Amino acid sequence: DAMVIQNPRYQVTQFGKPVTLSCSQTLNHNVMYWYQQKSSQAPKLLFHYYDKDFNNEADTPDNFQSRRPNTSFCFLDIRSPGLGDAAMYLCATSRTGWETQYFGPGTRLLVL
Amino acid sequence: GEDVEQSLFLSVREGDSSVINCTYTDSSSTYLYWYKQEPGAGLQLLTYIFSNMDMKQDQRLTVLLNKKDKHLSLRIADTQTGDSAIYFCASWDTNAGKSTFGDGTTLTVKP
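Respectively, the protein sequence lines represent chains A and B.
Just so we're aligned: the first sequence equals residues 1 to 112 in the numbering used here.
Just so we're aligned: the second sequence equals residues 113 to 223 in the numbering used here.
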């Protein structure tokens, strides 16, 4: 059974049109992460939630926002997608900060 | 901040052993991880090692940690074509409170 679910798996949006990516987990983990991964590169952490506490990486553009309405769900909002935002977006969870991270299958975003 | 480096490519023949190497800079890294990523998929945790260990074995996988040299390796015995993927090394940065990933090693297994 899938433990970290991401929807949709593929998302096509237009330049400048807001888009929301979704992540849900059945593990009841405290921490949820959003990573951006471009082709042949390491995943880049955008931000994470420890419970309801939001932690933004210093170099994450303001164009990227996140919401965590409850333990199970976390959303990534891209307010005005640019061509450079086309990437794979990975959601991950962990019970506490240092423990193993469980990754979802990712959402591949295409910006036209 | 922490820096994690890996060689980018490795090619082996089916049945041979593969050794993927990784170096890191933060001596306070408590956990070191190996993840596998197949095309178009998320990252799958293969194994991890705590910093007070030198070696960990899990079936075909052997992780060696040289803490003095800040060097981590992943050995895959009897490598199969299904092992072809990108392998990421990652360290838990205690000070930053997050994981730092290497750029990944693309393993190609030839029949």
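Be aware that one or more of the hints could be misleading.
Pair ranges (Cβ atoms, derived) [unchecked claim]: (1) 15(A) - 189(B): 44 to 50 Å; (2) 209(B) - 72(A): 29 to 35 Å; (3) 172(B) - 12(A): 37 to 43 Å; (4) 110(A) - 215(B): 45 to 51 Å.
Within a straight-line C-alpha distance of at most 27 Å, the following computed DSSO-like cross-link-like pairs (lysine-lysine) qualify [what the hints assert, rightly or not]: (5) 222(B) - 179(B); (6) 182(B) - 44(A); (7) 44(A) - 179(B); (8) 179(B) - 148(B).
It is worth saying that the hints were derived from the structure and are not from the lab.
Keep in mind it's a predicted model, so treat the numbers as computed, not measured.
Note that the Cβ used here is the ideal one computed from N, Cα and C, for glycine as well.
Structure versus earlier hints, numbers of those that do not hold, lowest first: Per hint list: 2, 4, 5 violated.
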